[in-house]
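*Asks:* Produce the complete structure using the sequences and hints provided.
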Amino acid sequence: MRPQTYSNVADNSGARESMRIRVPGASNRQYASIGDMIVAVVREAVPNMPPKGSEVVRAVIARTRKGLNRDNGMAIRFDDNAAVAIDREGNPKGTRVFGPVARESRECHFAKTVSSAPEVLR
Amino acid sequence: MRLEKCWFCSSTIYPGHGMMYVRNDAKIFRFCRSKCHKNFKMKRNPRKVKWTKIYRKLHGKELPQDTTFELERKRNRPERYDRNVVEDTVKAMKKISETREEREAQTLANRMRGKKTQQRREDLAELQQGIHLVKAPTALLEEPSLTLPKEKMKVKVSVEQESKAMES
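Protein chains in written order, with full-length UniProt numbering: chain S, 1 to 122; chain Y, 1 to 168.
Calculated directly from the structure, the hints in this document are not laboratory data. These figures come from a predicted structure and were not determined experimentally. Watch out, some of these pointers could steer you wrong.
[Said to hold, decoys possible] The calculated DSSO-like cross-link candidates involving lysine-lysine, where the alpha carbons are at most 27 Å apart (straight line), are:
| # | chain 1 | residue 1 | chain 2 | residue 2 |
| --- | --- | --- | --- | --- |
| 1 | Y | K61 | Y | K135 |
| 2 | Y | K50 | Y | K115 |
| 3 | S | K66 | Y | K41 |
| 4 | Y | K94 | Y | K53 |
| 5 | Y | K27 | Y | K74 |
| 6 | Y | K115 | Y | K48 |
| 7 | Y | K50 | S | K66 |
| 8 | Y | K74 | Y | K35 |
| 9 | Y | K5 | Y | K27 |
| 10 | Y | K50 | Y | K5 |
| 11 | S | K66 | Y | K61 |
| 12 | Y | K43 | Y | K57 |
| 13 | S | K66 | Y | K35 |
| 14 | Y | K74 | Y | K91 |
| 15 | Y | K43 | S | K66 |
| 16 | S | K66 | Y | K5 |
| 17 | Y | K115 | Y | K94 |
| 18 | Y | K91 | Y | K115 |
[What the hints assert, rightly or not] Derived Cβ-Cβ restraints for the label pairs, each shown as a range:
| # | chain 1 | residue 1 | chain 2 | residue 2 | range |
| --- | --- | --- | --- | --- | --- |
| 19 | S | R16 | Y | R44 | 30 to 38 Å |
| 20 | Y | S97 | S | D79 | 33 to 41 Å |
| 21 | S | I21 | Y | K61 | 52 to 60 Å |
| 22 | S | P24 | Y | E104 | 57 to 65 Å |
| 23 | S | K66 | Y | D82 | 38 to 46 Å |
| 24 | Y | M42 | S | R16 | 27 to 35 Å |
| 25 | Y | D82 | S | G73 | 26 to 34 Å |
| 26 | S | R22 | Y | E62 | 51 to 59 Å |
Beta carbons are placed, not taken as given, at the ideal position from N, Cα and C, and that holds for glycine.
*Replies:* In C-alpha cells, the structure reads:
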C-alpha cells in the first residue's frame with residue numbers, strides 16, 4: 001500500500017474508508033503491507049460516530065489485494081484493501097472486525113485485533 | 001504440509017506452487033497455476049470448461065465415483081503418529097492407486113469400445129467416395145485386379161495400402 005491508497009475499514013469503529021498517509025517510524029517508507037501499522041486519514045465515516053471525515057487515525061493493514069507470499073510458497077490474495085483502526089498501543093478502536101485477516105498481523109503485536117477477527121488465515 | 005486441490009481444474013497443488021485467493025466472506029479458492037486463476041476471474045464455470053476434471057467426471061469421460069477416492073478424502077482430525085499406521089498407509093496408497101488405475105483404464109476401454117469397427121467403417125466409406133482422388137475411374141475399370149474393398153474384412157492389399165497413404 002502506498003500513500004494515498006484508499007482502503008476499507010474493516011471494523012465498527014465508525015470509519016468506512018481511510019486513506020493512507022504514512023508509515024510511522026520510518027521517514028520515507030513507501031510500501032506498507034499486511035501486518036504493518038499505518039497512519040491514515042478517515043475519508044468516509046458512518047454518520048454520528050466518533051471518527052469524523054479528515055480525522056487522522058492509526059490502523060493496521062488486514063487485507064491487501066496485492067496479498068502476501070507465505071514461506072511455504074503459497075501466495076495469498078485478498079478481495080480488497082482493508083485496515084483496522086487502532087490506537088497508539090495497538091488495541092483496536094472498534095469492537096468487531098469484519099472479514100478475514102491474515103495471520104501475519106498477529107506476529108506484529110496486534111494480537112487483540114486479530115483475536116476479534118471472524119476468520120484468521122493461517 | 002497438505003496437498004491441496006485446485007478449485008478450478010482439481011489438480012494437486014504442491015508446495016511452492018499456485019495461489020490462494022481469499023474472498024471477503026472468508027471463502028478460500030486455491031489455484032494450481034495462473035491459467036486456472038485467470039479462468040476463475042473470467043467467471044467461467046469449471047463444470048463447463050472441457051479440460052477440467054469436474055467436466056470430465058460430469059460428462060462420463062472419467063471414473064466419476066469410486067471407493068478408491070475415499071483414501072484421499074480430506075480429514076481434519078490430526079492423527080497421532082504411529083509407525084505401524086504409517087507403514088500400512090504407505091502400502092495401502094500403493095495398492096489403491098494401482099486399483100484405481102486399473103479401473104480408470106477399464107472406464108476408458110468401455111468408452112472406446114466399438115470405436116475401431118466404427119473407424120474402419122468410416123474409412124471404407126471415405127475410400128469409396130474418394131477413390132477418384134487416388135486412381136482415375138477408368139483405371140479401375142481397365143485393371144481388374146484393382147477393386148474397392150467390400151464391406152467385410154476381406155480387402156485387397158494394394159487398395160488397403162492406398163487407403164493408408166490417403167489417410168495419412
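*Asks:* Decide, hint by hint, whether the structure agrees.
*Replies:* Status of the hints after comparison with the structure:
At roughly 41 Å between alpha-carbon atoms, K61 of chain Y and K135 of chain Y are farther apart than 27 Å, so this suggested pair is violated. With a CA separation close to 21 Å, the supplied pair K50 of chain Y and K115 of chain Y stays within the 27 Å bound. Note on K66 of chain S and K41 of chain Y: the hinted pairing holds, with a Cα-Cα distance of about 15 Å set against a maximum of 27 Å. About 22 Å separates the Cα atoms of K94 of chain Y and K53 of chain Y, which keeps this hinted pair within 27 Å; it holds.
Distance hint between K27 of chain Y and K74 of chain Y is fulfilled; the C-alpha atoms sit about 17 Å from each other, no more than 27 Å. A distance of roughly 25 Å separates the Cα atoms of K115 of chain Y and K48 of chain Y; the hinted pair therefore holds under the 27 Å criterion. Proximity of K50 of chain Y to K66 of chain S is assessed by CA-CA distance (about 30 Å); at most 27 Å being required, the pair is judged violated. Annotation: proposed proximity of K74 of chain Y to K35 of chain Y holds, straight-line Cα distance about 25 Å (limit 27 Å).
Distance hint between K5 of chain Y and K27 of chain Y is fulfilled; the C-alpha atoms sit about 15 Å from each other, no more than 27 Å. Between K50 of chain Y and K5 of chain Y the CA atoms are separated by roughly 18 Å; this keeps the pair inside 27 Å, and the hint holds. For the proposed pair K66 of chain S and K61 of chain Y, the alpha carbon gap of about 38 Å is over 27 Å, so the pair is violated. With a CA separation close to 20 Å, the supplied pair K43 of chain Y and K57 of chain Y stays within the 27 Å bound.
Distance restraint check for K66 of chain S and K35 of chain Y: the Cα-Cα separation of roughly 18 Å lies within the 27 Å cut-off, and the hinted pair is therefore satisfied. With a C-alpha separation of about 19 Å, the suggested pairing of K74 of chain Y with K91 of chain Y holds against the 27 Å cut-off. Note on K43 of chain Y and K66 of chain S: the hinted pairing holds, with a Cα-Cα distance of about 20 Å set against a maximum of 27 Å. Restraint check for K66 of chain S and K5 of chain Y: satisfied, since their Cα atoms lie roughly 23 Å apart, inside the 27 Å limit.
Pair hint K115 of chain Y plus K94 of chain Y does not hold up; C-alpha atoms about 32 Å apart against a cutoff of 27 Å. For the given pair, K91 of chain Y sits about 37 Å from K115 of chain Y by alpha-carbon distance, which is inconsistent with the 27 Å threshold. At about 33 Å, the beta-carbon gap between R16 of chain S and R44 of chain Y stays in the expected band of 30 to 38 Å. Between S97 of chain Y and D79 of chain S the C-beta distance comes to about 37 Å, which sits within the given range of 33 to 41 Å.
The hinted window of 52 to 60 Å between I21 of chain S and K61 of chain Y holds, with their beta carbons roughly 56 Å apart. Distance hint check: the CB atoms of P24 of chain S and E104 of chain Y are about 59 Å apart, consistent with the given range 57 to 65 Å. Evaluation of the 38 to 46 Å hint for K66 of chain S and D82 of chain Y yields a pass: the beta carbon distance comes to about 43 Å. The hinted range of 27 to 35 Å is satisfied by M42 of chain Y and R16 of chain S, whose Cβ atoms lie roughly 30 Å apart.
Distance hint check for D82 of chain Y and G73 of chain S: the Cβ-Cβ separation is about 29 Å, which falls inside the suggested range of 26 to 34 Å. Evaluation of the 51 to 59 Å hint for R22 of chain S and E62 of chain Y yields a pass: the beta carbon distance comes to about 55 Å.
Hint violations for this structure: numbers 1, 7, 11, 17 and 18, all remaining hints satisfied.
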